[in-house]
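Participant: Chains as they are written, first to last, in the numbering used here: chain F, 709 to 822; chain S, 14 to 127.
These are computed hints drawn from the structure, not numbers from a lab.
Quantities reported herein were computed from a predicted structural model and do not represent experimental measurements.
Treat each hint with caution, since some may be false.
Below, a sample of chain F positions facing chain S; criterion: calculated Cβ distance under 8 Å [to be verified]: (1) Glu723; (2) Arg725; (3) Pro748; (4) Gly751; (5) Phe773; (6) Asp792; (7) Ser793; (8) Phe797; (9) Gly813.
Using N, Cα and C, we set each Cβ at its ideal position, and we do this for glycine too.
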Amino acid sequence: DQQVKQNSPSLSVQEGRISILNCDYTNSMFDYFLWYKKYPAEGPTFLISISSIKDKNEDGRFTVFLNKSAKHLSLHIVPSQPGDSAVYFCAASAGATSGSRLTFGEGTQLTVNP
Amino acid sequence: DVKVTQSSRYLVKRTGEKVFLECVQDMDHENMFWYRQDPGLGLRLIYFSYDVKMKEKGDIPEGYSVSREKKERFSLILESASTNQTSMYLCASSSPQGWYQPQHFGDGTRLSIL
């Protein structure tokens, strides 16, 4: 039962263009969502998050959009840079307990071509 | 910066061996987690702990156990290693203080069971 799903295993974009990574979830109890980035041979690093009371959160080149009715979120990277090439994981949390367990998606490999 | 340190980057063990994976964090975090990462499956939660001597099963606890005798250290134990436990193992920690603190990850241990 995959509660968080990233349907695209890979995405390739040109440097300077927009990268859009998508994530769907099924559990309506999820109320906090995060994106992590992972380079090979390193652990995932936190990128950006959004609470279910918002529909958009921005941090520099990274914006996360949340559509609760569709149970869908997306990560936009503008402009994309070669250093953004990594695996991106979407994660979700249920309940108000900070630091509570996360459910992760399968990941999307982003490749930004110079 | 939060530092989560996993004792080994690479480990090779034999079927049937008892295997210990160690994780130490330096931020006085209450919450600690063990995941395994497999291609196409994302990160799956094995066990987690909210405090010393406390443990909770995650989504795939079978074949594993954990130990948390000190706040900063969380150990994952493979009681009798099997080839299907060959994987990348990731440890994470987080603080329950404040509103939704993200988890911080170590760089992982790539474990091969022969």
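Participant: Do the numbers back the hint for F/Phe773, that is, is its least Cβ distance to chain S under 8 Å?
Facilitator: 18 Å, violated
Participant: Is the interface hint for F/Gly751 satisfied, with its Cβ closer than 8 Å to some Cβ of chain S?
Facilitator: 3 Å, holds
Participant: For the restraint on F/Gly813, tell me whether the closest CB of chain S is nearer than 8 Å.
Facilitator: 5 Å, holds
Participant: Per the CB criterion, is F/Ser793 less than 8 Å away from chain S?
Facilitator: Not OK, violated: F/Ser793 not within 8 Å of chain S, min 17 Å.
Participant: Going by Cβ atoms only, is F/Pro748 closer than 8 Å to chain S?
Facilitator: 10 Å, violated
Participant: Under 8 Å, Cβ to Cβ, is where F/Glu723 needs to be relative to chain S, so tell me if that hint holds or is violated.
Facilitator: 26 Å, violated
Participant: Under 8 Å is the threshold here; is the Cβ of F/Arg725 close enough to any Cβ of chain S for the hint to stand?
Facilitator: This interface hint is violated because 26 Å lies over the 8 Å limit.
Participant: Given a cut of 8 Å on the nearest C-beta pair, is the interface hint for F/Asp792 held or broken against chain S?
Facilitator: Violated, about 19 Å.
Participant: Can we keep the F/Phe797 interface hint, with Cβ of chain S closer than 8 Å?
Facilitator: Holds. Min distance 6 Å.
Hints 1, 2, 3, 5, 6 and 7 from the list above are not met by this structure, while the remaining hints are.
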